[in-house]
Amino acid sequence: MPRLPGLERFNTAPADVAESALLTCCGSLRWARRLTAHRPFPDLESLIAAADEAAYDLTPDEVHQALAAESAHQPETDSHIPPTALRTAQTALRAAHAAYESRFGHAFVICLDDVAPEETLDQLLAGIRSRLNNDPEDERVQAAEELRGLARGRISRLVHRLGTSPFPQDRPAEGIGPRPDSPESVDSGRPDSPYVPV
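The sequence shown: position 146 = 146 (the working numbering), numbered continuously.
Keep in mind that the hints were calculated from the coordinates and are not lab data. Because the structure is a prediction, the values reported are computed rather than measured. Even glycine gets a Cβ: it sits at the ideal position worked out from N, Cα and C. Keep in mind that the hints are not guaranteed to be accurate.
Said to hold, decoys possible - Between beta-carbon pairs, the in silico distance windows are:
| # | residue 1 | residue 2 | range |
| --- | --- | --- | --- |
| 1 | Glu53 | Glu8 | 20 to 28 Å |
| 2 | Leu125 | His38 | 36 to 44 Å |
| 3 | Ala15 | Asp61 | 18 to 26 Å |
Working from the sequences, and respecting the hints, build out all of it.
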């Protein structure tokens with residue numbers, strides 16, 4: 001199997017650069033440091049498996065740290081959505097996000113990588129409304145699983161992007177949050193987190 005140029009760059013990058021790139025995929029500092037320390041990875045599948053394993057080991061506080069970082073993600077909304085429908089959906093999403101964050105105390109996350117672009121807003125709104133009925137512990141487990149899904153897709157896109165593009169810029173000064181210009185939506189053409197520009 002041919003090696004991915006982006007994976008080679010990730011494996012050989014200085015530790016602080018690799019760590020910063022990983023923080024655009026998941027906002028847990030320990031998660032990013034653990035993956036950085038386990039380089040080199042022989043293939044993308046091994047990197048993604050290690051990311052999953054590291055994510056399962058996150059403490060509740062570290063999951064909360066990663067969820068807090070999600071507020072920085074501002075993916076573009078699909079251009080196929082008519083402006084009127086988009087405005088209506090954004091109004092409904094703002095209300096749903098406010099209700100969710102009031103109930104659970106953290107950002108709502110959902111992985112939409114396998115959803116068609118024209119269905120993302122509907123799936124997002126349905127997901128947030130459905131999960132508002134969860135009890136807090138069940139929702140913490142669900143949110144952690146969604147974070148793992150987001151990280152898997154973001155890592156894959158990061159590695160593919162590194163084959164032709166520079167590393168993402170360094171993480172913000174506070175040290176945990178992904179940047180709004182991070183590569184999470186590269187190659188997908190659709191958002192992978194619930195935040196839409198308003």
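Do the hints match the structure? See the list:
no.	hint	result
1	Glu53 to Glu8: 20 to 28 Å	holds (22 Å)
2	Leu125 to His38: 36 to 44 Å	holds (38 Å)
3	Ala15 to Asp61: 18 to 26 Å	holds (23 Å)
Hint compliance for this structure: no hint is broken.
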